[in-house]
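Chains as they are written, first to last, in the numbering used here: chain F, 1 to 353; chain G, 1 to 301.
Check each hint, because a few of them may be wrong.
[Stated by the list, open to error] Here are the computed lysine-lysine pairs in the DSSO-like style, where the Cα-Cα straight-line distance is at most 27 Å:
(1) G:K142 x F:K139
(2) F:K186 x G:K56
(3) F:K268 x F:K91
(4) F:K339 x F:K76
(5) F:K139 x F:K151
(6) G:K142 x F:K215
(7) F:K77 x F:K57
(8) F:K188 x G:K56
(9) F:K268 x F:K94
(10) F:K339 x F:K77
(11) F:K308 x F:K353
[Claimed, not checked] Here are some of the chain F residues that sit facing chain G, going by a computed Cβ distance under 7 Å:
(12) G66
(13) S194
(14) A199
(15) G212
[Said to hold, decoys possible] Just the calculated beta-carbon pair ranges, DEER-fashion:
(16) G:F79 x F:A199: 20 to 26 Å
(17) F:P198 x G:F79: 23 to 29 Å
(18) F:N294 x G:F79: 53 to 59 Å
(19) G:T286 x F:K57: 58 to 64 Å
(20) F:P155 x G:Y138: 14 to 20 Å
(21) G:A50 x F:Q187: 26 to 32 Å
(22) G:S11 x F:A98: 57 to 63 Å
(23) G:F25 x F:D265: 45 to 51 Å
Since the hints were made in silico from the structure, they are not lab data.
Keep in mind it's a predicted model, so treat the numbers as computed, not measured.
Just so you know, even glycine gets a beta-carbon here, dropped at the ideal spot from N, CA and C.
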Amino acid sequence: MINSFLRTVSFTVIALVAVLGIAGHAPAADMELLGAGATFPQPLYSKMFDAYYQQYKVKINYQGIGSGGGINQLIKKTVDFGGTDAFMTEKELKSAGAPVLHVPTCLGAVVLAYNLPGNPKLNFTSDTIAEIFLGTITKWNDPKIAAANPKTALPNLAISPVHRADSSGTTFIFTEYLAKTNDAWKQKIGLGKSVNWPAGSIGQKGNPGVAGYVKQTPGAIGYVELLYAVQNKMPYGNVKNKAGKFIEPSLKSVTAAANIPLPDDTNKSLTNTDAAAGYPISSFTWLIFYKEQNYGVKTRERAEALAKLLMWMVGNGQRYVEPLQYAPLSKEAAEKSVKLIRSMTYNGAPLLK
Amino acid sequence: MTRSTPNIDRSERTFTVVLAISGGFIVLLLIGIMVTLFFNSLPAIREFGAGFFIGKTWNAAAETFGALPFLVGTLVTSFLALLISVPFSLAIALFLGEYYREGAVSGFLRSAVEVLAGIPSVIYGLWGLFLLMPAVRYIEMKLGVAPQGVGILTSSLILAIMIIPFAASIGREVITFVPGDLKEAAYSLGATRFEVVRNIVVPYARSGIIAGILLSLGRAIGETMAVTMLIGNSNFLPTSIFSPANTMASVIANEFAEATGVTSASLIYLALVLFFVTMLVNIAGTWVIQKLTVESSREVT
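Just chain F, with the same shape it has in the complex:
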């Protein structure tokens, strides 16, 4: 009894400290820039921010609390910048009150990892993926899968599709791709960070949860981030892109997905990309911040530090991207980003010359 009481109290205290810890860090005079948001690029950001601190002595504190949390914290103005895997929705942009800019920092991809005897390399089309996750293809030796894999002997094994149970950018990218390419998917499931999966589909928490279930279960198939599949040496499939080619997911084919004309705000979904060499389930991850930086108690100095950091991240900082298994920005994307950062203002005047 006492034990559980103590536990409750200590949880409450920890929670209080955590809440105060985030809220109490209101932008102040000390030069520590604050960011929060997407967990997917967090390892990269940690490396980048550390390198930036070594060089320019500006501290950056980034909390991986999820894309939704990053957007919330930015709108509440408790952070200097947020991180998100999905472009902010119109509703979110409206609730921000003032224009928010998105700058892409790198690209990620979602791959299909599976567990089959002998772990053959498989080819998937968008329709087979959609039907597997809708539950209409139930066996691995289904003729529709076999048609794309004429040389592989497929077992007569039940397919157990696994999805992410936690709300995540990974799910958003995956469902956006399927909603774009498959009508049945669009009508029945739609797209989002968390969707209403068909009954009987298994959900697991996080990339490790999905990967763990796939490894444990013969016949299972799940979607995980490329980075995660590579690090854990999981077999994953090629996916047919818009140009009709089966593309193996790799840093190169993911970067190639962004080799297309981009709008000025970089609000371009890369799933089902037009790029002929691009892997079709790819996406940007963005940093978000207010265009007009004079709000709250923010000093000009602080706003400038943020602009310089962003400039470095899409420029020189890009050399840290590939060693950590993320896909670097394409030339087109980097150019647009520089333009966006140059449009930041303080009291209406441009921040950077």
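Since chain F is already given, all that's left is putting chain G on it; use the hints.
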């Protein structure tokens, strides 16, 4: 309290004040949690009202939310876990509290039970994933149901294992408090050991045993991590004990980080429901214990 000599009692009074403040703080905290949950869930309460409790769809993409599948999932897994765990926890409590109170074996067993209670739930979850899940899948294959390995049964089993130590150690404690003369008297009348356990020990310790069971039920209802890993996280009403399902705690933990707007409010609404469910279980528990205490003391004495 009623003492009025001014001198004795500056320290006495200070102490009383400190105690009152600490006690009041707990009440304040409880009310604070409730109020926070209520206000943050207002957008969802306005949108869904009481229909939230019977809604069967949880669809963040369409922003329609109903809690029934999770309410059912939470209650079914918790009570099933209780059902599985009670025979074991009662047996352990009797073994350690009545049959082998002292000695190395008993001491070792007792600390094993305590260690079991202290293991973080994520470890139970991992163990379940590596051992329990394949075992359940094997059974499912033999029975001819979809061999998914995760679902209501798997998570109830892991919950049962997790809550056994709670009920067992509280049960053991109250069983050791059963007065020796009562038992001696029964033996002297020719009762066998089993008869003593059945007619003296268990009735006398009943309220404590039930209290332990209820405490473990509370833990089962709120357990998050291990359940998330083993329940399959499906937002549908379960159709059998093998089907994947979801619980309130697990949904909140999974979706809250990325939730905005009405989705986030609905999750907090769900938290409010969970809060009241646990409160109801506690109130019911206290009532049962009081009733049983009165009865058992009447029976035994």
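Structure-based check of all given hints:
no. : hint                        : verdict
1   : G:K142 x F:K139             : holds, 19 Å
2   : F:K186 x G:K56              : holds, 21 Å
3   : F:K268 x F:K91              : holds, 17 Å
4   : F:K339 x F:K76              : holds, 26 Å
5   : F:K139 x F:K151             : holds, 17 Å
6   : G:K142 x F:K215             : holds, 21 Å
7   : F:K77 x F:K57               : holds, 24 Å
8   : F:K188 x G:K56              : holds, 16 Å
9   : F:K268 x F:K94              : holds, 19 Å
10  : F:K339 x F:K77              : holds, 24 Å
11  : F:K308 x F:K353             : holds, 11 Å
12  : G66                         : holds, 4 Å
13  : S194                        : holds, 4 Å
14  : A199                        : holds, 4 Å
15  : G212                        : holds, 6 Å
16  : G:F79 x F:A199: 20 to 26 Å  : holds, 23 Å
17  : F:P198 x G:F79: 23 to 29 Å  : holds, 28 Å
18  : F:N294 x G:F79: 53 to 59 Å  : holds, 58 Å
19  : G:T286 x F:K57: 58 to 64 Å  : holds, 59 Å
20  : F:P155 x G:Y138: 14 to 20 Å : holds, 18 Å
21  : G:A50 x F:Q187: 26 to 32 Å  : holds, 30 Å
22  : G:S11 x F:A98: 57 to 63 Å   : holds, 58 Å
23  : G:F25 x F:D265: 45 to 51 Å  : holds, 50 Å
The structure shown violates none of the earlier numbered hints.
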